[in-house]
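Chemist: Protein sequence lines correspond, in order, to chains S and A. The opening residue of the first sequence carries number 64 in my numbering; numbering runs sequentially from there. The opening residue of the second sequence carries number 1058 in my numbering; numbering runs sequentially from there.
Don't read these hints as lab results, they were simulated from the structure. Hints should not be assumed to be uniformly reliable.
Some chain S residues well away from chain A (every beta-carbon gap over 10 Å; in silico) [what the hints assert, rightly or not]:
id : residue
1  : N123
2  : K217
3  : H245
4  : I247
5  : T281
6  : N284
7  : S300
8  : S324
9  : K336
10 : T377
11 : K394
12 : S414
Calculated lysine-lysine pairs in the DSS-like style (CA-CA distance at most 27 Å, straight line) [stated by the list, open to error]:
id : chain 1 : residue 1 : chain 2 : residue 2
13 : S       : K196      : A       : K1246
14 : A       : K1282     : S       : K196
15 : S       : K217      : A       : K1246
16 : A       : K1246     : S       : K176
17 : S       : K165      : A       : K1246
18 : S       : K137      : A       : K1219
19 : A       : K1246     : S       : K168
20 : A       : K1246     : S       : K171
21 : S       : K137      : A       : K1246
22 : S       : K180      : A       : K1246
Chain A is faced by these chain S residues, among others (derived, beta-carbon under 10 Å) [claimed, not checked]:
id : residue
23 : G115
24 : I134
25 : D138
26 : A207
27 : A211
The beta carbon of each residue, even a glycine, is placed where N, CA and C say it ideally should be.
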Amino acid sequence: MGSVKLENVRKTFDPNITVVHDVNLLIEDKEFVVLVGPSGCGKSTTLRMIAGLEEITSGNISIDNVVVNDIPPKDRDIAMVFQNYALYPHMNVFENMAFGLKLRKYEKAEIQKRVNKAAGILGISQLLDRRPKALSGGQRQRVALGRAIVRQPKVFLFDEPLSNLDANLRVQMRTEISRLHHQIETTMIYVTHDQVEAMSMGDRIVVMKDGYIYQVDTPLNIYNFPANKFVASFIGSPTMNFMLGKVQNGEMHSFAIADNSFSLPLPESLKSKLSQFAGQEVILGIRPEHIHTIQQSQSPTLVSVNVDIEVLETVGNEMFVYFSLQNSKSKDHFVARVPPDTRLKVGSPFSLYIDTSKLHFFDKATEKSI
Amino acid sequence: MKRFKLKNKLARFATHAILILFTIIAVYPVLQVVTISLRQADRLLSTSLEIIPDNATLNAYVELFTNRPFLLWTANSAFVSFVVTLTGVVLASMAGYAFSRFNFLGKKFGLLSLLVTQMFPATMLLLPLYIMMIYLGLINTYIGIIVVYSATALPFCVWTMKGYYDTIPFSLEEAARIDGCNQFQAFYKIILPLAAPALVITGLFSFMAAWSEYIVAAQVLQDTKLWTLPLGLKSFESNMTTEWGLYGAASFIVMIPVVALFLLLSRWLVSGLTLGSVKG
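Same shape as in the complex, but just chain S (with noise of 0.2 Å):
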């Protein structure tokens, strides 16, 4: 059983500056949870806290209902992967693999067993001679794991182990992780500031920044209902457009923006929500891939808007349209995601159709989902 506990764990800096604020978190069994946050979020600190290379402040942290506050990293049961790799350049990969084994006096042929098989589940077994230097970036990663596994801990943690691998590698190592976790169904947490590593491979994502957790959920709840704007904002690329506007109480709830040029009406779903925000601000929010072409699909649901298109960015499969609101003064810029071969053109006028099925709305106070 390898659960990871958190309760209202601080961290403070001298002098009083706190970068993790009270987090409390239950990292189930066997379950993979991303930590996901821009720099400076708290969690690397938040994963080093848990790892014991970093002293808390205060609260509690319990591996397996144990809690390991003043257990030194040794003695927590846990393995770590680090962002730089961290192998021992005087040693060679079996070496590496093998140092933490080494160190808990485990028989020599149960050692060579089990670094034989972690580098089998790796295929780096013809690397096993070799010094670090002479390993790729990739290569490097693999030993960093099979030090880890061989292990056997009750917990992983991943300090952004694929930011220094360049693009191609990083989404064979990112399947690469996601399938050991099959394979040997440990409890795995892994922080990254990549969306897309969050998304693709956390059981759970925990969505933090400023040192506070925004959200804890799947991945497709985070992606379908975010809490609140930053998390809206964080998760999905194109990022989210987002415009502020005034509910109207008439006949029909709409929103609309400041200068009237644009107006939507409201979904039924939303409409008992929004009325108590009626003639107030609040934040609008729409993903690209919920503005369309008229090509794309015909509901009752899309909502005609006539846009200037600034820019146009084919990726292959896909194409992002950037615009801004035809006869509005407002000078915000917005994505939409159309398929890559649609007509378009720049600088001339075009009526996209936003799906009013799919709008999220954010109190502007707070920011917290509406």
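For this one, chain S is given, so just place chain A on it according to the hints.
Modeler: Using the frame of chain S, we list chain A on its own:
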């Protein structure tokens, strides 16, 4: 194009000429020591510039090893230098680690104090050191000389080690601590082997500080049985005459271990001096 080539050749010639000139200036006196050691006793003050003199003889070397306590002085020097080197390496490797990795009260002050001790000339410290040695009863003992040598070599060694540790990523120790090391094991199993180039510099510096030191030794070691090589060498010079042949021979032999060590460790020295200057 032709003019450019000619200019290039001239520049290269000038560079080499200057280099050769300075090499001669640096090496010739050393060769002259060898020459003097090989001369016949009646030609010691010859002004000839030849390197291997006419009728060269090894008499000075034979005399040195048979009729003088040269081997005893060498053994004494070797012992003192070895202990000073060991003390320097052990203490500096640990002190440098503490200065590099831990935050503690007085860290900055400590580092700065170590640096300040290097600003004073050795002769200025001679009197206070001598008085301290008398009070501590360390005059005429190896412990006395070893303490002084270690104390003078340590500041440089600590700074060197600290600077080198600073270039070793923290994550290596962290990985080791997670793998099962305590702080000290992480230090000696992971960090120390990686700091080998700095250890070599530290060792060499400590060794040289002890091997060729004269002034302090002359104050502390008064019993001829305890003399180190520099004191022994000085004894060839008396009020009336100086035994230049013996002086030359002994000087040449004293040089050998230092040169040999340099050659042996040069690989480490070069990598030690360049490593860490670029983050790799």
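Chemist: For which of the previously enumerated hints does the structure constitute a violation, in increasing order of number?
Modeler: 14 and 24
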